[in-house]
Amino acid sequence: MNKMNLATLGVIILVILGLVWIICFDNIDNSSHEIINKEREIINYDEIKGIWLSYLDLAAMLKGKNENEFRKNISQAIDNVESMGLNTLIVQVRPFSDALYKSKYYPWSIYCSGIEGNAPGYDPLQVIIEEAHSRNIRVEAWINPYRVRSDSVKLPLSSENPASKWIKGGSDNIIKCNGGIYYNPGKEEVRQLIVNGVKEIVENYEVDGIHFDDYFYPSSDVSIDSKAYGQYISSGGNLDLENWRRENVNILVRQVYSIVKEISPEVVFGISPQGSMDNNYNSQFIDVKKWVQDPGYIDYICPQIYYGFLNDNSNFQQVIEEFDSLVAESTVNLYIGLSVYKVGSEDTWAGNGKDEWRNSTDILKRQVEASRKLKKYKGILLFRYDSLFNPSSNVKSQMQQERENLKFLFK
Numbered sequence: 022m023n024k025m026n027l028a029t030l031g032v033i034i035l036v037i038l039g040l041v042w043i044i045c046f047d048n049i050d051n052s053s054h055e056i057i058n059k060e061r062e063i064i065n066y067d068e069i070k071g072i073w074l075s076y077l078d079l080a081a082m083l084k085g086k087n088e089n090e091f092r093k094n095i096s097q098a099i100d101n102v103e104s105m106g107l108n109t110l111i112v113q114v115r116p117f118s119d120a121l122y123k124s125k126y127y128p129w130s131i132y133c134s135g136i137e138g139n140a141p142g143y144d145p146l147q148v149i150i151e152e153a154h155s156r157n158i159r160v161e162a163w164i165n166p167y168r169v170r171s172d173s174v175k176l177p178l179s180s181e182n183p184a185s186k187w188i189k190g191g192s193d194n195i196i197k198c199n200g201g202i203y204y205n206p207g208k209e210e211v212r213q214l215i216v217n218g219v220k221e222i223v224e225n226y227e228v229d230g231i232h233f234d235d236y237f238y239p240s241s242d243v244s245i246d247s248k249a250y251g252q253y254i255s256s257g258g259n260l261d262l263e264n265w266r267r268e269n270v271n272i273l274v275r276q277v278y279s280i281v282k283e284i285s286p287e288v289v290f291g292i293s294p295q296g297s298m299d300n301n302y303n304s305q306f307i308d309v310k311k312w313v314q315d316p317g318y319i320d321y322i323c324p325q326i327y328y329g330f331l332n333d334n335s336n337f338q339q340v341i342e343e344f345d346s347l348v349a350e351s352t353v354n355l356y357i358g359l360s361v362y363k364v365g366s367e368d369t370w371a372g373n374g375k376d377e378w379r380n381s382t383d384i385l386k387r388q389v390e391a392s393r394k395l396k397k398y399k400g401i402l403l404f405r406y407d408s409l410f411n412p413s414s415n416v417k418s419q420m421q422q423e424r425e426n427l428k429f430l431f432k
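All residue numbers for the sequence shown refer to my numbering, where the first residue is 22 and numbers rise by one.
You may find that some hints are simply not true.
Stated by the list, open to error - No farther apart than 25 Å at their CA atoms in a straight line, the calculated lysine to aspartate or glutamate pairs in the DMTMM-like style are these:
#1 K397 x D407
#2 K394 x D383
#3 K123 x E227
#4 K399 x D308
#5 K311 x D235
#6 K175 x E151
#7 K93 x E377
#8 K375 x D333
#9 K197 x E263
#10 K310 x D235
#11 K310 x D383
#12 K397 x E263
To be verified - Estimated spans, in silico, between C-beta atoms of each pair:
#13 G258 x K396: 36 to 44 Å
#14 S173 x M298: 20 to 28 Å
#15 G251 x S104: 29 to 37 Å
Worth flagging that the hints you see were computed from the coordinates, not collected in a lab.
Virtual Cβ for every residue (Gly too), placed ideally from N, Cα, C.
Build the full structure now, drawing on both the sequences and the hints.
See below:
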């Protein structure tokens, strides 16, 4: 073999070795950094007419059921939704640091099998998406980002729950207060966990949106995050406690919006805060005004306007107009959240208007009509499925009339 052939052979060997190295390197798991941009057909409507499907609604349909049983149950529920002229389901997939889908980061929800961490043998979220999309019903994945357990839900944590290791290690990534357990919004590890959980949903499921509700800081008590705030000040931070808390939530909201848009720009991200501007800012420590006025936070805002027209403290008409003004110069869409569950009951904190929900059979209809007159109105969300379709016996006839009224408006 001459020198030229040897040189050529050497080059070929080097090229082959280089290709092998590249292939091996590419097989290293970079999933925590890689963004898969997904093109998908998003279902959208000029007017969103939606309903929250909470873990409470899903529990009876899902817990202990096999796939065929659950598919039958959720199919009937979606038939009910479609029959009303509704076009959107807000599905609670993470109520308590868990998952109603196959997750890398969170355990299977107790509402799937009856035991947290036990797989149901199928993927409930995928089933819901299949059944809803076959009827052109939108599906948004509803996440409680910080709540691990509430004072009313004291179920045992599985070892797979990310909160378990932090509790066991005494980490201040966890806040315990008012009988509940929550993730600390001021910790970067917490934010990364939440973002990872959103990322896997948008990458792996054909959801039309990601939805947060009104659970943010669990308390205004200065002691719940004093260690994290002290570390912030020691590192040169200059925000006071309240504004530091708001900025912690702002960071998460920006990160979630960014990851959603990197993966699939068509998927929307929205938040449903309380109807009280004061509570949002001073108790929940969220800056709704910033979210709607600055780009890069949210696509829509859906305040929970759970008041009547005669409420002495928070009048429905006045509050929806406040939010309409808030988004007047914004590209953020405005949806109005309505409290179906109040139909037929006394509104304890409404003052002289406490009997309004008990005596009316068309309050939801009038609230939809009032909302549709807002300049920035883009939709309605109803809280929640069982309240509308499976009401208690004492309000059944009243709810039937409310349903018929809504159906007339929505169909």
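For each hint, the structure was consulted:
1. Between the alpha carbons of K397 and D407 the distance comes to roughly 29 Å, so the proposed pair goes past 25 Å and is violated.
2. Between the alpha carbons of K394 and D383 the distance comes to roughly 17 Å, so the proposed pair stays at or under 25 Å and holds.
3. Between K123 and E227 the CA atoms are separated by roughly 14 Å; this keeps the pair inside 25 Å, and the hint holds.
4. Restraint check for K399 and D308: satisfied, since their Cα atoms lie roughly 21 Å apart, inside the 25 Å limit.
5. A distance of roughly 16 Å separates the Cα atoms of K311 and D235; the hinted pair therefore holds under the 25 Å criterion.
6. The straight-line distance between the Cα atoms of K175 and E151 is roughly 32 Å, outside the 25 Å bound, and the hint therefore fails.
7. About 37 Å separates the Cα atoms of K93 and E377, which puts this hinted pair outside 25 Å; it is violated.
8. Using a Cα cut-off of 25 Å, the hinted pair K375 and D333 holds, with the two alpha carbons roughly 9 Å apart.
9. With a C-alpha separation of about 19 Å, the suggested pair K197 and E263 falls inside the 25 Å cut-off, and the hint holds.
10. Pair hint K310 plus D235 holds up; C-alpha atoms about 15 Å apart against a cutoff of 25 Å.
11. For the given pair, K310 sits about 32 Å from D383 by alpha-carbon distance, which is inconsistent with the 25 Å threshold.
12. A C-alpha spacing of about 30 Å is found between K397 and E263, which places the hinted pair above 25 Å, so the restraint is violated.
13. Between G258 and K396 the Cβ separation comes to about 39 Å, which falls inside the hinted range of 36 to 44 Å.
14. In this structure the supplied range 20 to 28 Å holds for S173 paired with M298, their Cβ-Cβ distance being about 26 Å.
15. Separated by about 55 Å at the C-beta atoms, G251 and S104 break the suggested range of 29 to 37 Å.
Of the numbered hints stated above, those contradicted by the structure are hints 1, 6, 7, 11, 12 and 15, listed in ascending order.
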